[in-house]
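Colleague: Build out the structure end to end from the sequences listed, making use of the hints.
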Amino acid sequence: MLRLSLTAKIVLGVIVAAILAFMYVPLMLVVLNSFNAARIASWPVRGFSLEWWGKAFTSEPVRAALLNSVLVATGATAIALVLGTLVAFALQRYDFFGKRAVNLLVVLPIALPGIVTGVALNNTYNQILEPIGIHVGFFGMIIAHGTFCIVMVFNNVLARLRRLNPGVEEASKDLGATPWQTFRMVTFPQFRSAFIAGGILAFALSFDEVYVTIFTAPPGVDTLPLWIMNQMARPNEANVVNVVATVVILASFIPVWVSQRLGREIDERG
879 MLRLSLTAKI VLGVIVAAIL AFMYVPLMLV VLNSFNAARI ASWPVRGFSL
929 EWWGKAFTSE PVRAALLNSV LVATGATAIA LVLGTLVAFA LQRYDFFGKR
979 AVNLLVVLPI ALPGIVTGVA LNNTYNQILE PIGIHVGFFG MIIAHGTFCI
1029 VMVFNNVLAR LRRLNPGVEE ASKDLGATPW QTFRMVTFPQ FRSAFIAGGI
1079 LAFALSFDEV YVTIFTAPPG VDTLPLWIMN QMARPNEANV VNVVATVVIL
1129 ASFIPVWVSQ RLGREIDERG
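Here this note's numbering runs 878 ahead of the position in the sequence shown, where the first position is 1.
Calculated directly from the structure, the hints in this document are not laboratory data. Since we're looking at a predicted model, the values are computed, not measured. Just so you know, even glycine gets a beta-carbon here, dropped at the ideal spot from N, CA and C. Any given hint could turn out to be false.
As the list claims (entries may be wrong) - Beta-carbon label-pair distances, calculated as ranges: (1) V1099 x A1049: 47 to 57 Å; (2) I993 x G925: 32 to 42 Å; (3) P991 x P1096: 15 to 25 Å.
Modeller: Next comes the structure, spelled out in structure tokens:
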């Protein structure tokens, strides 16, 4: 067991504290400025007011952007849950030619820079599909998000499938259960936590995506990250942006907490 001297512990503690401060102090400034009575975000906060919260919650563009983000993230998550789970089962349960290549192709979109994926999809939509009469529109943005969300479900489900005991499924079949009954009552409950955790991570990843969205969003359609980015060029709207960002920060604790709980449940079962 590695033992650190008192000096080393103090140095490491200072480094960790500095890193945490660098990460979270800017977030606290965003939260504080959402209550800033001044029209322009500033430090120190001159006075506290709920004016910007009222404007944010009654703003139609904010509501529309939020709805778009939820719709896109929900659609992308649905695609990721279905395809990610199917690919995980295929790679875990079967041996076939090109298995490693399929694994690489599934994981690759999350490793590619978002701007590369966005440009590639934009070219595909505008230069290949539209000339032949296929207009993907809003659905194209959902598909674009689904391409990199699949890996979140795939990794979680595949890791769990590798730890399943195949003897349980075989016992279910020996007792007369159909393949669907075996999957529904035996297999799925064993990887359900990983399935849900992957879906939560996919939703969160899609919800705050910017680069792919810029290149695939239909004209006049804003998601919440795009709306925030566009409003940053307007100083008088800065505190409304801070309110929206504060709500997103608070809402982000929910998927993180749930995924951590599910992760502990997976470890305990494994």
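Colleague: Within 32 to 42 Å or not, the Cβ separation of I993 and G925?
Modeller: holds (40 Å)
Colleague: Would you say the C-beta atoms of V1099 and A1049 sit inside 47 to 57 Å of each other?
Modeller: holds (51 Å)
Colleague: The hint says 15 to 25 Å between P991 and P1096; measuring C-beta to C-beta, is that right?
Modeller: Taking Cβ atoms as reference, P991 and P1096 lie about 23 Å apart, which means the hint holds.
Checked against the numbered hints given earlier, the structure satisfies every one of them.
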